[in-house]
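Student: Each chain, letter by letter, is given below.
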Amino acid sequence: MEPDVILLGVMTVGITLYALMGGADFGAGVWEFSTALRAPERERDLIYRAIGPVWEANHVWLIFVVVGLFAGFPDAFSAICRALWVPLLLALVGIVFRGVGFAFRSYAADSLTEKTLWGAVFAFASTGAPFFLGASLGAILSGELEVTPAGGYTGNHLTGWVTSLSVFSAFFAVGACAYLAAVYLTREAQLAGDAALTKKWRLRALATGLWMGVLSVVGLGLMAADAQRLWEGFTTRAWPLIGGSVAAGCFSLWALWRERFTGAAIGAALAVGSVVVGAAVALYPDLVPPTITIESARAPREVLWALVISIVAGAVILTPALVYLMLLFKGRKPEAE
Amino acid sequence: MVVAAGPLAAIGLEAGWVVTEVGRQPWIVQGVMRTREAVTDAPGLGWSLALSIGIYTVLIAGTLVALRHLARK
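As you go down the protein sequences, you meet chains A and B in turn. Be aware that the first sequence starts at 9, since it is given in our numbering, and climbs by one per residue. Be aware that the second sequence starts at 22, since it is given in our numbering, and climbs by one per residue.
All clues given are correct.
In the SDA-like style, the derived pairs of lysine to any residue whose C-alpha atoms are separated by at most 25 angstroms in a straight line are:
1. A:K123 / B:R89
2. A:K123 / B:A92
3. B:K94 / B:A26
4. B:K94 / A:R52
5. B:K94 / A:S119
6. A:K208 / A:R50
7. B:K94 / A:D118
8. A:K207 / A:A263
9. A:K123 / B:R93
10. B:K94 / A:D53
11. A:K208 / A:Y56
12. B:K94 / A:T124
13. B:K94 / A:S114
14. A:K123 / B:K94
15. B:K94 / A:G107
16. A:K208 / A:A263
17. B:K94 / A:V108
18. A:K207 / A:E51
19. B:K94 / A:L125
20. B:K94 / A:A111
21. B:K94 / A:Y56
22. A:K123 / B:H90
23. A:K123 / B:L85
24. A:K123 / B:V79
25. A:K123 / B:L88
26. A:K123 / B:G83
27. B:K94 / A:L120
28. A:K123 / B:A82
29. A:K123 / B:A87
30. B:K94 / A:Y115
31. A:K123 / B:I76
32. A:K123 / B:L80
33. A:K207 / A:T270
34. A:K123 / B:Y77
35. B:K94 / A:T121
36. A:K123 / B:G75
37. B:K94 / A:R57
38. B:K94 / A:A116
39. A:K123 / B:V86
40. A:K123 / B:L91
These are calculated hints, taken from the structure and not from any lab test.
Full structure from sequences and hints, please.
Tutor: Rendered as structure tokens:
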């Protein structure tokens, strides 16, 4: 197997894990909008406890993908950074302020005003980060970025990233995060034995899930009309994954309805994950369509092999530690302070 | 002495950064690429610098408030 394909496969896994775990954390922050000003403290405790101390660990995946792109496909990295510096910078601002809002609210806010202020920062930043990350991915997928094969960019530096697909992806990403969070939180509420909260989150999850179903249909239509190259990839290669995503999404809704929340969580994760992997498969062998392909952007073979080997070596050390971290903090439920 | 150690540690850290970053000029990659060649051709650099400075100012203010709050507890 070629090292570039292995590396891209690993990077796709990284993005998927980021979407599933980081996405749920962003989503919990998105829900702060509806809960920030009037929710009882008990409800917020559930959110904050579910996010818990592992939430910063999720950004490992983003860094991992960025470094993989930087080292393995430098011309694509260069083009993407030039074309998308505005949305990527805004996503970064969101990630930073999300952490700031969370930490300051938890440790430094006495008065209700301060708590509300930092809660609002947390909610806005949590929504902004997936919004602009989604927009960035959508801009790449749309094939409308005026990039050159050598990694240059000839489009508008401020507004070139705004395409119909990038705007759609921005909202889709926020919606997917909110859905994942709602489903996970329903399950957490049930595990915590809180019947009232379980009921509340179940309704929220159902509503968001139906909304995401509508949004998905709109997205497919948009792609067919506006991003032919990607649409072709979807219809010729990635259709089993899209089919799988639809099936998993329907299953998660059914499971929510029947109050089988672990099944719902698995279904929701599969639905979102299949969309991410499906987009990657549809994009292949392009990296930044229409001009930058895997072949035109990849680093020399030796570099790629060195990368693959170091990732495997790193994974051997990192994976047990990460699994242990998850087990420690997600396994049992310490009471919130 | 102990009171001074905190700020001095921060100054030491920052000063070290400044020495490495200023010291390697005009190269961004020593002997290969100059900083002038590496800088972006995108417009609006001034605005993003202003934004970054604004963000850091807010963060510093917030950190001071948070630390004072924790110290009082």
